[in-house]
Amino acid sequence: MSTLILAEHEAGELRPATLSVVAAAAAIGNDIAMLVAGSNCAGVGEKAAALPGVSKVLVADDAAYEHELAENLSALVVSVAGDYTHILFAATAAGKNVMPRVAALLDVSGISDITEVKSADTFIRPIYAGNAMATVKSDDAKKIITVRTTAFDAVSDTGGSAAVESVASAGANDGVEFVGAELSSSDRPELTSAGIVVSGGRGMQNGENFAMLDEIALKLNAAVGASRAAVDAGFVPNEYQVGQTGKVVAPDLYIAVGISGAIQHLAGMKDSKVIVAINKDEEAPIFQVADYGLVADLFDAVPELSKALDA
Amino acid sequence: MKILVGVKRVLDYNVKARVKADKSGIELANVKMAMNPFDEIAVEEALRIKEAGNAEEVIAVSIGPAKSEETIRTALAMGADRGILIQTDELLEPLAVAKLLKHIVEKEQPGLVVLGKQAIDDDCNQTGQMLSALTGMPQATFASKVELDGDSIKVTREVDSGLESIRVKSPAVITADLRLNEPRYAKLPNIMKAKKKPLEVIEVADTGVDVSSGLSVVEVNEPEQRQAGVIVGSVAELVDKLRNEAKVI
Amino acid sequence: MSYQAPVRDISFVLNHVVGLADIAKLDGYEDATPEMVEAILDASAQFTGEVLAPLNWVGDQQGSQWSEAGVTTPDGWQEAYQQFIENGWGSLAFSVEYGGQGLPMCVAASVQEMWHSANMSFGLCPLLSQGAVDAIEHHASDELKAMFLPKMVEGVWSGTMNLTEPQAGSDLAAVRTSAEPEGDHFRIKGQKIFITYGDHDLTENIIHLVLARLPDAPEGVKGISLFIVPKFLINEDGSLGERNDVRCVSLEHKMGIHASPTCVMAYGDDAGALGYLVGKPHHGLIYMFTMMNQARHAVGVEGYGIAERAYQQALSFAKDRKQGKTLLGKSDDDHGIVNHPDVRRILMTMRCNIEAMRGLALECAAAFDIAGKHPDENVRVFNQRRGELLTPLVKGWSTEIGLELCSLGVQVHGGMGFIEETGAAQHLRDARIAPIYEGTTAIQANDLIGRKTARDNGQGMQELLTDMRATLTELQQSNNPDMQAVAKRFESAVGAADQSLQWMLGQNDPTLPSASSVEYLMMLGRLSGGWMSARTALVALKMKNEDGADHDYLDARVALARYYADRFLPLVDASNITITEGSESTVSLSVAQL
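Residue numbers (numbering that gives the first Met the number 0), protein chains in the order written: chain A, 0 to 310; chain B, 0 to 248; chain C, 0 to 593.
Derived from the structure by calculation, the hints contain no laboratory data.
Treat the hints with care, as some may be off.
[Stated by the list, open to error] Under the rule of at most 27 Å between Cα atoms (straight-line distance), these lysine-lysine pairs were calculated in the BS3-like manner:
1) 372(C) / 321(C)
2) 321(C) / 272(A)
3) 98(B) / 196(B)
4) 15(B) / 144(C)
5) 240(B) / 269(A)
6) 272(A) / 98(B)
7) 269(A) / 318(C)
8) 117(A) / 22(B)
9) 543(C) / 66(B)
10) 106(B) / 192(B)
11) 541(C) / 66(B)
12) 66(B) / 246(A)
13) 186(B) / 144(C)
14) 24(C) / 19(B)
15) 19(B) / 329(C)
16) 279(A) / 246(B)
17) 272(A) / 195(B)
18) 306(A) / 240(B)
19) 195(B) / 144(C)
[As the list claims (entries may be wrong)] Computed list of chain C residues with no C-beta within reach of chain B, every gap over 10 Å:
20) 254
21) 438
22) 554
Note that the Cβ used here is the ideal one computed from N, Cα and C, for glycine as well.
Please build the complete structure, drawing on both the sequences and the hints.
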């Protein structure tokens, strides 16, 4: 039994997601091999060889792999699939793009987004947007899997000493061509679709102080919101308002700063996955819905938080 | 050119999924079902391509129980020209769905297959990629913009670092991401006309496609309940918890 | 403050209680099959939930605004209206001949409920247009129909109804607006008030239906004629011509429905507004009445539509809000106020009444559908009589109860309900107009005891009681204990209603019946609601034997019927006492003593 992982890398470095996939592979318990495909990627191969638990690194160096085109990568993975019982990918945009192709070409089911390894053939994965967790068992000879990277703690990037060998390119598909990458727009994410929202309330005292929240939001790629009280006080424009009569948001992380937590505000953010409240009034109702509460003066806590995020 | 769009009947996105008491799956009896929202976007994109004069016919395909006919009718009401239902009461894995779609692709020879990037029930995100692999058509997944230029199609894709664009040759498979478009509402007169549009029903058995699967669901459980909140003592502790416990930053 | 249309509840009544499948067998309604109607309701639910409902609050806060140039609606309304007509919602029930979809009234009413729940102020525009279209379709010349109907059915032009004048409210005999003949048309002069959507920026033209007097008109209601007065004149080729001499001179500042512009309209400040006579001279009021049944039914639908919205909001709040230790909560930390028994009382009251009102409104609409298309004349006549009898109940009872329920909805929120931002208060303010316009509850009650009870010597009422007794027999034959309990209350209530009916028919002086007329209307509304509720429960019990039946849903229908019978049917007996024994005391004080 052995596991093959398709490494993801960028600018000569392994992406952190791949370190989490190694952790998932370790949980399965097989020998682990890693496939590094790219253009001029020998350096990445060496870094892969240093990962603990990885016993073999395969390097396919070809311009065909420069842009992670799924057609080319899947052909390569299938060409080296050999006896591996498990082939793992990170559940990233790139991994999700390739994994199902590999599964289909090998005529086995794909297993998406596992969050837990129960045994070598049994896994847990979220369905219905995480409202239920399915335990699935695979009887296929090969288990083709994407791994939800946040569910597995990344392994360290040193300590291993795997053998590195190069493998032949499986060639390029001429039906598809990479045109270009567009830089992630520097604009703030939109309030209702942002993964993280930082909101300020009346405790912010004035509009200028919202610059402190902007600073944090920039670091977290978050949107900035506000309570009705802050909007009514003229600190920020209407479109910032989160709440019953404003926008309803449900980000992965909601940070409420200087917001007491009136019912109307809670109605607009209570479905957020993780709620953080920073308020100096420990009786503030916002603490009743917060996963993490910090009783502190926001004018001390927010600059400190901003600094901590740089670390 | 013909465009094939896949439409899946799923639990309505407004309805909260409830795990069945016997843990065999999600309660689907007597709950509101609707078209997978990503498939609505796929239908919309296909219709826009047709309305721009780049396609002659939009065919909506669904694979599922007889009731999936309603989902096809919804696509027809939006403007699709005809429907094909591959009927089965079994829950099929994406691989089986991709094989059945391939069967239809071989029969209909579409210039473009547009699917939702994933269904909001099993959240697999596999079918489009599998169909591409099985047919040899190139894939352009997670599309946020589709531009046609003859048989060359430029697709802007949503990737983790932002956007990238690729060019694929028709026939190709495109899977729709959320921001590709905003689907139209079905117009009342079109809802009524949809009833008269052709809808072919095929039994899975008659396709000759092997839909067996090596994957089985052992059980389905509720996710772990949210833990009671804690008061942290410092900013450092807060950041540590967010990074290492909640893993949200 | 989101809204999700109760498609399942609506479909249940249509399919299993009022017999949509039978209506779909009538010539002309073939398209209204249960599957088709389900698809229509789903699409309407999506549109109303996603487009109309989010504009309800902004509509309330901004309101429509008047300026010299004309009335402007709140932000986002023009786009929403454009989508509304592009999607064909305005033309649901209109005849296919003029571009409508020709669907039955019971289906149209089901869709209209969603408009009013989502956004009552918005729903009023198409509601008024519908009244105007009906009047033109039934009474105007072919030429006028061709000139106005296609655009009105499409919704590109809206319609209004101009009855009220400062001195002529409920008493239309006092109408003074004049119409002078001039060639093939007339010049209209006068002032109309309370004109809903009299001016706005949603459509390119507005078609006013105006009651006015010809120079030779006799006094009173028999001298009133009906005219079409377009905001913009129509050229020969159908394009819009010059501005007519009609304008909105001000907007009322109202308690609710702020986005629905309530206009003071000035006709003929200059040369006189050019108008076209509808039908024959002096028949205006009769024509108005044909569309009034329709409009009154629609306002009744509005009554429970707004209550449905208030219910959804109250329920959602009650599940979220935690206060105190609850008696019905399953665990110590389950303190949602929904688990306080009195909050349950309020929510049950709202829910069972909404379902009863919806049942009655759809039963009434179905009667009109059958009356319009059934091949057997006896069946048509019977159903017309039934529809006309139920109309004042649908309008009067549903709007009064709808208002009470919106008030209860505020109550669920406690102090937060009194705060505008919570949104519960808007529903209450909006709902307040429904028992007033399109004829106050007293006008409905007057119609009920006069035209609908005394004029046919109680025939329609007796037919209704006979049908109710058939349901009673079914209830009594059921071995379900809840149904037996309902039977007991229902039997008593039907008997009480019959006594009140006999008392009404036995009075020679109209004063006492008039003093008790609203009591009589509310009594019959409650009784009819209980009848619908019991029928729904009987069907639900039968359906429980089917394969794959949703017991949870069906049991709830039985429980709601039981609660309705325990809580509201006894009020029918109480009303009978008030009517038969308390009418005299109602008017026993002199004006000076009041």
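Next item on the list: Kindly indicate which numbered hints from before are broken by the structure, ordering the numbers from low to high.
Entry: Hints 1, 4, 6, 12, 14, 17 and 19 contradicted; others consistent.
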